[in-house]
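Undergrad: Now for the letters of each chain:
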Amino acid sequence: MGKVILEMKNITKTFPGVKALDNVNFQVEEGEIHALVGENGAGKSTLMNVLSGIYPFGSYEGDIVYNGEVCQFQKITDSEAKGIVIIHQELALVPQMSIGENMFLGNERGKKNAINWNETYSEADKYLKMVGLSESSRVLIKDIGTGKQQLVEIAKALAKNAKLLILDEPTSSLNETDSRALLDLMLEFKKQGMTMIIITHKLNEVVYVADKITVVRDGSTVETLDCHTMEINEDRIIRGMVGREITDRFPKRSNVEIGEVNMEVKDWTVYHPVYAERKVVDGINMNVKKGEVVGIYGLMGAGRTELAMSIFGKSYGTGISGTLYLNGQEVNLKNPREAIEAKLAYVTEDRKGNGLVLSNSIRVNTSLANMEGVSDRGIIDMDKEYQVAVEYKDKLKTKTPSVEQNVGNLSGGNQQKVLLAKWMFTDPDILILDEPTRGIDVGAKYEIYCIINDLVKAGKSVVMISSELPEVIGMSDRIYIMNEGKFVGEMKADEATQENIMACILQSGRGE
Amino acid sequence: MTKYMDVIKKNAMLIVLVLVYIFFTAMTGGSMFSPMNFNALITQNAYVFILATGMLMCMLTGGNIDLSCGSFVCIMGAAGGVFMVIQEYSTGLSVFLMLVVGIIYGCVLGYLVAYVNIPPWIATLAGYLAFRGWGTAILSDNSSTGSISPMPESFLKLFSGKVFETGINQFNIVCFVAGVIASVIVVVTSLMSRANKVKKGYEAESMTALVIKCVLSVAAILLFAYKLALAGGIPTVLIWVIVIVLIYSFITSKTTLGRYFYTIGGNAEATRLSGVDTRKIMFFAYLNMAVLTVISSYIVVARFQAANSTAGNYYEMDAIAACVVGGVSAYGGSGTVFGMVVGATLIGVINLGMSLMGVNADWQKIVKGGVLLGAVVFDILATKKNATK
Numbered sequence: 003m004g005k006v007i008l009e010m011k012n013i014t015k016t017f018p019g020v021k022a023l024d025n026v027n028f029q030v031e032e033g034e035i036h037a038l039v040g041e042n043g044a045g046k047s048t049l050m051n052v053l054s055g056i057y058p059f060g061s062y063e064g065d066i067v068y069n070g071e072v073c074q075f076q077k078i079t080d081s082e083a084k085g086i087v088i089i090h091q092e093l094a095l096v097p098q099m100s101i102g103e104n105m106f107l108g109n110e111r112g113k114k115n116a117i118n119w120n121e122t123y124s125e126a127d128k129y130l131k132m133v134g135l136s137e138s139s140r141v142l143i144k145d146i147g148t149g150k151q152q153l154v155e156i157a158k159a160l161a162k163n164a165k166l167l168i169l170d171e172p173t174s175s176l177n178e179t180d181s182r183a184l185l186d187l188m189l190e191f192k193k194q195g196m197t198m199i200i201i202t203h204k205l206n207e208v209v210y211v212a213d214k215i216t217v218v219r220d221g222s223t224v225e226t227l228d229c230h231t232m233e234i235n236e237d238r239i240i241r242g243m244v245g246r247e248i249t250d251r252f253p254k255r256s257n258v259e260i261g262e263v264n265m266e267v268k269d270w271t272v273y274h275p276v277y278a279e280r281k282v283v284d285g286i287n288m289n290v291k292k293g294e295v296v297g298i299y300g301l302m303g304a305g306r307t308e309l310a311m312s313i314f315g316k317s318y319g320t321g322i323s324g325t326l327y328l329n330g331q332e333v334n335l336k337n338p339r340e341a342i343e344a345k346l347a348y349v350t351e352d353r354k355g356n357g358l359v360l361s362n363s364i365r366v367n368t369s370l371a372n373m374e375g376v377s378d379r380g381i382i383d384m385d386k387e388y389q390v391a392v393e394y395k396d397k398l399k400t401k402t403p404s405v406e407q408n409v410g411n412l413s414g415g416n417q418q419k420v421l422l423a424k425w426m427f428t429d430p431d432i433l434i435l436d437e438p439t440r441g442i443d444v445g446a447k448y449e450i451y452c453i454i455n456d457l458v459k460a461g462k463s464v465v466m467i468s469s470e471l472p473e474v475i476g477m478s479d480r481i482y483i484m485n486e487g488k489f490v491g492e493m494k495a496d497e498a499t500q501e502n503i504m505a506c507i508l509q510s511g512r513g514e
Numbered sequence: 068m069t070k071y072m073d074v075i076k077k078n079a080m081l082i083v084l085v086l087v088y089i090f091f092t093a094m095t096g097g098s099m100f101s102p103m104n105f106n107a108l109i110t111q112n113a114y115v116f117i118l119a120t121g122m123l124m125c126m127l128t129g130g131n132i133d134l135s136c137g138s139f140v141c142i143m144g145a146a147g148g149v150f151m152v153i154q155e156y157s158t159g160l161s162v163f164l165m166l167v168v169g170i171i172y173g174c175v176l177g178y179l180v181a182y183v184n185i186p187p188w189i190a191t192l193a194g195y196l197a198f199r200g201w202g203t204a205i206l207s208d209n210s211s212t213g214s215i216s217p218m219p220e221s222f223l224k225l226f227s228g229k230v231f232e233t234g235i236n237q238f239n240i241v242c243f244v245a246g247v248i249a250s251v252i253v254v255v256t257s258l259m260s261r262a263n264k265v266k267k268g269y270e271a272e273s274m275t276a277l278v279i280k281c282v283l284s285v286a287a288i289l290l291f292a293y294k295l296a297l298a299g300g301i302p303t304v305l306i307w308v309i310v311i312v313l314i315y316s317f318i319t320s321k322t323t324l325g326r327y328f329y330t331i332g333g334n335a336e337a338t339r340l341s342g343v344d345t346r347k348i349m350f351f352a353y354l355n356m357a358v359l360t361v362i363s364s365y366i367v368v369a370r371f372q373a374a375n376s377t378a379g380n381y382y383e384m385d386a387i388a389a390c391v392v393g394g395v396s397a398y399g400g401s402g403t404v405f406g407m408v409v410g411a412t413l414i415g416v417i418n419l420g421m422s423l424m425g426v427n428a429d430w431q432k433i434v435k436g437g438v439l440l441g442a443v444v445f446d447i448l449a450t451k452k453n454a455t456k
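If you read the sequences in order, they're chains A and B.
Per this note's numbering, the first sequence runs over residues 3 to 514.
Per this note's numbering, the second sequence runs over residues 68 to 456.
Only chain A is shown next, with the shape it has when bound in the complex (with noise of 0.2 Å):
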């Protein structure tokens, strides 16, 4: 047993309206890597925020001992002060910037107002060298790879002084080479006695450089598995992530008959819309029948929202090939009107980002995608407006004084209704919902999966992109399951699990 560098007790964290930590206690010893594991949304990242004081003290519950002192990190110089240093999955460098500029960015080196760029070029290929970059200090970040980046988002790590590195999700945008280099890297740190804390989904690095594991799950820590006293294998960590029962968080559907396929997409292939020869979406095929609910499964960054946006009137990406069937007949959507005219809508996943306009009421985001139905040769009937967003605001039951309300005054739930209104309005056959429950809370979850029911057994097709495995088991009759721009799976309601999806992402992520 090494000494404990690091204990955080009984964190809690509340949003507003969600818990995300709930009572967590988290131990590190000196000198090791200890892995913490979770699904999406699991609050791992939140839980790192608090330790590096992005959230500052205060806005949780719980104490922080680093070193043997309890510490009330206000900002994050607090924590860097102290050695805990984070690197976060985006990566933070400015791309016109040299990697010396980079490495010192808020830590110059030199006098107070004079930088003293001799020192700060040597020191930073010091540093270079320690992460094995042969690379100049001088050489601007957008003229190397992504891998190199990391690598020197590492090195500016090492030059804060860290002797606690927090790296979340480093490898989540690096090949297969520069992975197993950065976790070599790794490796080599720990032997020179730094500790480590790594965030990732990909269990087979885990299982690599881990000393310890720790699964968190829904807010709280689960277990803490220490990989030299045990068996330590992905199955194992996988029991761990998603060990809980199913109990009845999801609204039996009954007697909704499943008909004809109403959508089919053949070969779709899309292109990223700055790094053209990037492929995001790769020969997806798929379909929805009438009065089904199909889930598409897969991590962040999988290609779901861009296959989505893609196919609703081609808004994300370019050089977009393949065929769109709605209903037996070859479409060609060329923008978001020919796809809402189609019958089909695209329910996004970031309400705020670009779903709703906040600064606007109800009334207005729900007419939004159907100013037809509301108004005559371009003049809006105001009564009509206000009769449909209150029809609407009845029936999702929006909990709100009046339709004139701020969109940006409601809670995420009922934000979220809103928007499913504003789609519903527009008569579609086929809905796409992407994270139609991110963010919000149990009993809102409950309703909106109702809805999603109600939706279904009026003859509408749902498409539900989650990356919540419960979810997607509970409501979805068919399930594909997407991984780096393809789908690597396509499984039945009643076949899937929660072991088996996760198998299935971890298996195409091998194969390569």
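Simulated from the structure, these hints should not be mistaken for lab results.
Mixed in with the good hints there might be a few duds.
To be verified - Stretch-level coverage of chain B by chain A, calculated; a stretch enters the list once three of its residues show a Cβ under 8 Å from a Cβ in chain A:
no.	region
1	171-184
2	267-279
3	316-324
4	334-340
Heads up, the beta-carbon is just placed ideally off N, CA and C, and yes, glycines get one too.
Fit chain B to the given chain A structure using the hints.
TA: Positioned in the frame of chain A, the structure of chain B alone reads:
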């Protein structure tokens, strides 16, 4: 108590306008309240109302502005001068040709902003520089004094002067009757709209509030009509301004087109994914701006009865200031035509009042800058308070 506070907050700028007017009336020994100065307030500021209407539409789409409109007024004036005075085209043809040039510029600008994605302030900065120079060059090529005049009588009649003009010290009946008719229309439409709401069981304002609102509006309209009647009648430009303000009021509040301007400003991506062609709306905003700029150039040329190279100096700033003081969000998505009118009037009143008091031009600018900053700070603090509620 909070109800009264809400009313005050909602009409803060209107109240400020009245207070500022009273202040200047006191400071100028009543001169501010004279019929002549009521008339001056309109004729001197007509261009602001029209340009600010176009600017409002641009700003709604996300705080976008048009820096080129002042310079465009200058070059349009020069073009008008060449058409009417040098080439001696008919007024109708000249007005039409100016409009065509405006539409061409609007299309080019709209294309650059909406389809090439050039940030509006940069795209219009080019016009700001080029049109001032080009306009001046046209004027000095065609006239030794750098100014073209006199404009034909028919043009002046269309865009300046008064309708049914009567002499000084004579009461203009037509003008006052028009005021009475306007009052009746305001009262009847307010009552009808409320009755309709009550009938359908919607939220409606209380009868007392409505009566107070009607009494105040009627009083304001009649006061205005009375003063103008004493100053010789309705200024022609007032009709232009009223027509434009009413049209855009209708567009912004009652049409789907107007609705999209607001939702794009609020969330462009959500609007695009709702099937709205957001680029078309952006294109229209700048085309519309150019057309309104041409209309205001008619008024400016007619007012000075000449085309000269200083015409339109800082007009873009006046238009932006009117919008911002009138509560149009600098980030887009909110603001009304009515608010903009109040803002433009407030700035007009401050200008006129200070001129009457003999405040020198430098200080006038300092005061205007302060008012602008104050209005924005007030706006941001007010929204912040609402958000935390």
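Undergrad: For each hint, tell me whether it holds in the structure or not.
TA: Evaluation of the provided hints:
1. Coverage of the region 171-184 of chain B by chain A is violated. Counting CB-CB distances below 8 Å, 0 residues qualify, and the rule asks for three or more.
2. Chain A is given as covering the region 267-279 of chain B, and this holds because 3 residues of the stretch bring a CB closer than 8 Å to a CB of that chain, at least three being needed.
3. A stretch counts as covered by a chain when three or more of its residues have a beta carbon under 8 Å from one of that chain; for the region 316-324 of chain B and chain A the count is 4, and the coverage holds.
4. With 6 residues having a Cβ less than 8 Å from any Cβ of chain A, the region 334-340 of chain B passes the three-residue criterion, so the hint holds.
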